[in-house]
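Visitor: Generate coordinates for the entire structure from the input sequences, incorporating the hints supplied.
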Amino acid sequence: DSGVTQTPKHLITATGQRVTLRCSPRSGDLSVYWYQQSLDQGLQFLIQYYNGEERAKGNILERFSAQQFPDLHSELNLSSLELGDSALYFCASSTAGGAGTEAFFGQGTRLTVV
Amino acid sequence: DAKTTQPPSMDCAEGRAANLPCNHSTISGNEYVYWYRQIHSQGPQYIIHGLKNNETNEMASLIITEDRKSSTLILPHATLRDTAVYYCIVRVALGSARQLTFGSGTQLTVLP
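So the protein lines, in turn, are chains A and B.
Numbering of the first sequence is given in this note's numbering, commencing with residue 1 and proceeding in unit increments.
Numbering of the second sequence is given in this note's numbering, commencing with residue 1001 and proceeding in unit increments.
Keep in mind the hints are simulated off the structure, nothing from the lab.
We treat Cβ as the ideally placed atom computed from N, Cα and C, and that holds for glycine.
Mixed in with the good hints, there may be bad ones.
DEER-style ranges, computed between Cβ atoms [what the hints assert, rightly or not]:
(1) B:Q1107 x A:T112: 33 to 39 Å
(2) A:D1 x B:P1112: 26 to 32 Å
(3) B:A1017 x A:S65: 42 to 48 Å
(4) A:T7 x B:P1076: 32 to 38 Å
(5) B:P1021 x A:S79: 39 to 45 Å
Under the rule of at most 20 Å between Cα atoms (straight-line distance), these lysine to any residue pairs were calculated in the SDA-like manner [said to hold, decoys possible]:
(6) B:K1003 x A:Q41
(7) A:K57 x B:G1103
(8) A:K9 x B:Q1045
(9) B:K1052 x A:E102
(10) B:K1003 x B:T1026
Guide: So this is what it looks like as structure tokens:
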């Protein structure tokens, strides 16, 4: 158990809909990262938040957005869903500061768009 | 962050040591080498990281060459549960952690 909690574990929704994925980081971790892994694809970095502020952006679509709340949990919002958005979405967290900081991943949310 | 090169796949007999190589010839002096693994569709799992010295923990050993252009992850006694994709990642560790950039990794299959 990494200490990172993601909900829900599975989500099935229709095209055009909007969903929200939730991530609770490890206690004390200030950074949250979101990754997308499509079928047979690698892990693609989407976005990072640090202590409530956006820190880095990767290959995140404009239809997707995220935020990190004062209690440090994060939500990834996916709207106008398309079939190609079906993927595993992982959240990771890490502490701030210190050299060689590792990130810990949750077990992911499997999103199926039908 | 420096680019890494790993073999796409490797096999290892159960109980034997698994040695997974990684080339990172463009690594900079302040970049760390990280290893993660992903067992099928699970979240990636941190294994080990190092800067220039060899490192060992309960999961594995990391051997980094003196010029730091390559490294080897060693699983001393591989089990069937070690079958996974192993990712070698090189990145700078700053004050606020930066994202990990995953490549294609090495699919390690441990054979009975």
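Visitor: Holds or violated: 33 to 39 Å for the Cβ distance of B:Q1107 and A:T112?
Guide: 25 Å, violated
Visitor: Are the Cα positions of A:K9 and B:Q1045 separated by 20 Å at most?
Guide: 18 Å, holds
Visitor: If you check the beta carbons of A:D1 and B:P1112, does the distance land in 26 to 32 Å?
Guide: Given range 26 to 32 Å: holds, Cβ gap about 28 Å.
Visitor: Regarding the pair B:K1003 and B:T1026, is the alpha-carbon distance no greater than 20 Å?
Guide: 7 Å, holds
Visitor: Does A:K57 pair with B:G1103 here, judged by a C-alpha cut-off of 20 Å?
Guide: Given pair A:K57, B:G1103 holds - Cα atoms ~18 Å apart, limit 20 Å.
Visitor: Assuming the hint says 42 to 48 Å, is it satisfied by the Cβ distance from B:A1017 to A:S65 or not?
Guide: 46 Å, holds
Visitor: Given a hinted range of 39 to 45 Å, is it respected by the beta-carbon distance of B:P1021 and A:S79?
Guide: Distance hint for B:P1021, A:S79 holds at roughly 43 Å.
Visitor: With 32 to 38 Å as the target window, see if A:T7 and B:P1076 comply at their CB atoms.
Guide: Cβ of A:T7 to Cβ of B:P1076: about 36 Å, so the range 32 to 38 Å holds.
Visitor: Between the alpha carbons of B:K1003 and A:Q41, is the straight-line distance 20 Å or under?
Guide: 18 Å, holds
Visitor: Tell me if the straight-line CA distance from B:K1052 to A:E102 falls inside 20 Å.
Guide: 16 Å, holds
Violation of the numbered hints given earlier is confined to hint 1; every other hint is satisfied by the structure.
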